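Model the full assembly from the supplied sequences, consistent with the hints where possible.
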Amino acid sequence: MNEARRSLITAANLHLRIGETTILHDVGLDISAGEILTLIGPNGAGKTTLVRVLLGLLKPDSGEIRRKEGLSVGYLPQSFEVDHSLPLTVRRLLRLTQKPSPGEMEESLEEVGAGDLLDHPVQSLSGGERQRVLLARALLRDPELLVLDEPIQNVDVNGQSELYRLIAKIRDVRGCGVILISHDLHLVMAFTDQVVCLNRHICCTGHPEAVSKNPEYLALFGKHAAESLAVYTHKHDHVHGPEGEILPSEPEEARHHHGGA
Amino acid sequence: MEDFMLRGLMGGVGVALVTGPVGCFIVWRKMAYFGNSMAHTALLGVAIGFAFGIDLRLGILISCMSLTIILVLLQSRKTLSTDTLLGILAHMALAVGFIAVSLMETFRVDLMGYLFGDILAIGTLDLWWIYLGGAAALGVLAWLWRGLLALTVNEELASAEGVPTFAVKLVFMLLIAFIIAVAMKLIGILLIISMLIIPPAAARRFSKTPEQMAALAALAGIVSVGAGLWASLEWNAPAGACIVVAASALFLFSYAWEMIAGRG
Chain A
1 MNEARRSLIT AANLHLRIGE TTILHDVGLD ISAGEILTLI GPNGAGKTTL
51 VRVLLGLLKP DSGEIRRKEG LSVGYLPQSF EVDHSLPLTV RRLLRLTQKP
101 SPGEMEESLE EVGAGDLLDH PVQSLSGGER QRVLLARALL RDPELLVLDE
151 PIQNVDVNGQ SELYRLIAKI RDVRGCGVIL ISHDLHLVMA FTDQVVCLNR
201 HICCTGHPEA VSKNPEYLAL FGKHAAESLA VYTHKHDHVH GPEGEILPSE
251 PEEARHHHGG A
Chain B
1001 MEDFMLRGLM GGVGVALVTG PVGCFIVWRK MAYFGNSMAH TALLGVAIGF
1051 AFGIDLRLGI LISCMSLTII LVLLQSRKTL STDTLLGILA HMALAVGFIA
1101 VSLMETFRVD LMGYLFGDIL AIGTLDLWWI YLGGAAALGV LAWLWRGLLA
1151 LTVNEELASA EGVPTFAVKL VFMLLIAFII AVAMKLIGIL LIISMLIIPP
1201 AAARRFSKTP EQMAALAALA GIVSVGAGLW ASLEWNAPAG ACIVVAASAL
1251 FLFSYAWEMI AGRG
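First to last, the sequence lines map onto chains A and B.
Mapping the first sequence onto the numbering used here, position 139 (from 1) lands on 139, and the numbers just tick up by one.
So the mapping is simple: the numbering used here equals the position in the second sequence, first residue as 1, plus 1000.
Calculated directly from the structure, the hints in this document are not laboratory data.
All values derive from a computational prediction rather than experimental measurement.
Keep in mind that the hints are not guaranteed to be accurate.
What the hints assert, rightly or not - Subject to a maximum C-alpha distance of 20 Å in a straight line, what follows is the list of computed EDC-like cross-link-like pairs (lysine to aspartate or glutamate): (1) B:LYS1208 x A:GLU81; (2) A:LYS68 x B:GLU1161; (3) B:LYS1030 x A:ASP83; (4) A:LYS169 x A:GLU107; (5) B:LYS1208 x A:ASP116; (6) B:LYS1030 x B:GLU1161; (7) A:LYS68 x A:ASP142; (8) A:LYS59 x B:GLU1155; (9) B:LYS1208 x A:ASP119; (10) A:LYS59 x B:GLU1156; (11) A:LYS213 x A:ASP193; (12) B:LYS1030 x B:GLU1155; (13) A:LYS99 x B:ASP1055; (14) B:LYS1030 x A:GLU81; (15) B:LYS1078 x A:ASP116; (16) B:LYS1208 x A:ASP83; (17) A:LYS99 x B:GLU1211; (18) A:LYS99 x A:GLU144; (19) A:LYS59 x A:GLU20; (20) A:LYS99 x A:ASP142; (21) A:LYS99 x A:GLU111; (22) B:LYS1169 x A:ASP83; (23) A:LYS59 x B:GLU1161; (24) A:LYS169 x A:ASP119; (25) B:LYS1169 x B:ASP1126.
Claimed, not checked - Beta-carbon label-pair distances, calculated as ranges: (26) A:GLU20 x B:LEU1073: 16 to 22 Å; (27) B:VAL1223 x A:GLU107: 38 to 44 Å; (28) A:GLU20 x B:VAL1223: 52 to 58 Å; (29) B:ILE1070 x A:HIS207: 50 to 56 Å; (30) B:GLU1155 x A:ARG17: 18 to 24 Å; (31) A:HIS25 x B:ARG1146: 35 to 41 Å; (32) B:VAL1223 x A:GLY56: 46 to 52 Å; (33) B:ALA1136 x A:GLU20: 42 to 48 Å; (34) B:GLY1087 x A:GLY56: 33 to 39 Å; (35) A:ALA12 x B:ILE1088: 40 to 46 Å; (36) A:ASN43 x B:MET1104: 54 to 60 Å; (37) B:ARG1077 x A:ALA12: 27 to 33 Å; (38) B:ILE1070 x A:GLN98: 35 to 41 Å.
Idealized CB from N, CA, C, for every residue including glycine.
The structure is reproduced here in structure tokens:
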């Protein structure tokens, strides 16, 4: 993508209170086409609320939001459980609010690697299959922006990184923007362009590596998370000794890693 | 066939055509208790209708719709769960209705009739009510269908995709109030609630899509009405109760079918 940054949503100074509780305090962010933004924060940090505000589903008390005109959004909700009393196949789910042709449905299922699921009942899908189908459903809207609320919940460990690779691939192929809500930064690290760490206000924001070293981030997620992150990020700039211990990395490489953000 | 039998059958079929599809949403959305509460509230409506000298249906409609709106307002405060709120509102309405009825000396409400109605007493004018009201109800349901189904599958997703979820839910609840108001005086609480819940439950096993289930639920309701009326004539038993038993038998049959098919 050699185009200039095309901003999809710009938000600034968002404030929102629900009852007595401040949910969002002076929050702002910017998402562009082709960019993956990860929204990270502890439970109750207001991540889902922020996304609902960004999508215009919830009105903030004050603040500014600018959405690209006619922005098409594909949304994956945090939880998706369909009651067993409701007979629903994948085919019918894909046609719930859209009218895709059978060819389009098959194509988009192929794109997410779920080509054989078209006539399965939705309730019979595994966690990973369900997310793929929901992703296919979102793609049928030809979205400029994908919003994924904790997409790896109920997905087994192998499926998790596969799902992230799929999301990154979709971004590469389609050039859409992606907002990803997660509370596990080290898994999404490699796929993320921008991290916004939220705890009702914005703690820190920037490139994933910079965020992972920010004191506010460390205070929120603890040293343990930070260490596992450090190991993950720096896996190429250290070597293992004979006992498996980590030997100091080369100074040059280290500089290279810390210079970017 | 005797005239009253034919009118009973036509009335029952008309009711089944509406309660099948509407009842599917009650089952999917786990709103059985809401339906029950509406039926309880109807007694208050009967009292209102009598006290003000207006059509009892109108009285029931006023009481059920008021209760729905009060419920929605209380729901938005999010302190108590919906079933608790309904438990309070419906029983309050029932108790107030009962007191009101007992204070009106000239008015004797036949509680048996209130529970079971009398489908065999349906007159020609009642049939007009059922078919015109039913057509209106199905029209509203068809209009709601897409949005209501989407939010039944996942409310967040539906609202993100532009479904006005609050309005759709409110209209659907008012629709249930309307159906109960029109049908209650004719067929009673027990039968209207049964017709909303049991045929859809019986249809579930044999359906692959929501639309199939709605159609099969209507069919199951019609079969129940036919079988119930036949049994009522054959054994000289109360017609409304016979229809409920027939519908339940259909449900048990579908359940047994599932057990047998599930093992194969």
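Going down the list of hints, with the structure as the test:
no. : hint                             : in the structure
1   : B:LYS1208 x A:GLU81              : holds (17 Å)
2   : A:LYS68 x B:GLU1161              : holds (16 Å)
3   : B:LYS1030 x A:ASP83              : holds (9 Å)
4   : A:LYS169 x A:GLU107              : holds (16 Å)
5   : B:LYS1208 x A:ASP116             : holds (17 Å)
6   : B:LYS1030 x B:GLU1161            : violated (23 Å)
7   : A:LYS68 x A:ASP142               : holds (15 Å)
8   : A:LYS59 x B:GLU1155              : holds (18 Å)
9   : B:LYS1208 x A:ASP119             : holds (9 Å)
10  : A:LYS59 x B:GLU1156              : holds (15 Å)
11  : A:LYS213 x A:ASP193              : holds (16 Å)
12  : B:LYS1030 x B:GLU1155            : holds (14 Å)
13  : A:LYS99 x B:ASP1055              : violated (44 Å)
14  : B:LYS1030 x A:GLU81              : holds (14 Å)
15  : B:LYS1078 x A:ASP116             : violated (42 Å)
16  : B:LYS1208 x A:ASP83              : holds (14 Å)
17  : A:LYS99 x B:GLU1211              : holds (16 Å)
18  : A:LYS99 x A:GLU144               : holds (19 Å)
19  : A:LYS59 x A:GLU20                : holds (16 Å)
20  : A:LYS99 x A:ASP142               : holds (13 Å)
21  : A:LYS99 x A:GLU111               : holds (18 Å)
22  : B:LYS1169 x A:ASP83              : holds (18 Å)
23  : A:LYS59 x B:GLU1161              : holds (16 Å)
24  : A:LYS169 x A:ASP119              : violated (25 Å)
25  : B:LYS1169 x B:ASP1126            : violated (29 Å)
26  : A:GLU20 x B:LEU1073: 16 to 22 Å  : holds (20 Å)
27  : B:VAL1223 x A:GLU107: 38 to 44 Å : holds (42 Å)
28  : A:GLU20 x B:VAL1223: 52 to 58 Å  : holds (55 Å)
29  : B:ILE1070 x A:HIS207: 50 to 56 Å : holds (53 Å)
30  : B:GLU1155 x A:ARG17: 18 to 24 Å  : holds (23 Å)
31  : A:HIS25 x B:ARG1146: 35 to 41 Å  : holds (38 Å)
32  : B:VAL1223 x A:GLY56: 46 to 52 Å  : holds (47 Å)
33  : B:ALA1136 x A:GLU20: 42 to 48 Å  : holds (44 Å)
34  : B:GLY1087 x A:GLY56: 33 to 39 Å  : holds (36 Å)
35  : A:ALA12 x B:ILE1088: 40 to 46 Å  : holds (44 Å)
36  : A:ASN43 x B:MET1104: 54 to 60 Å  : holds (56 Å)
37  : B:ARG1077 x A:ALA12: 27 to 33 Å  : holds (32 Å)
38  : B:ILE1070 x A:GLN98: 35 to 41 Å  : holds (36 Å)
Consistency with the previously given hints fails for numbers 6, 13, 15, 24, 25, ordered from lowest to highest.
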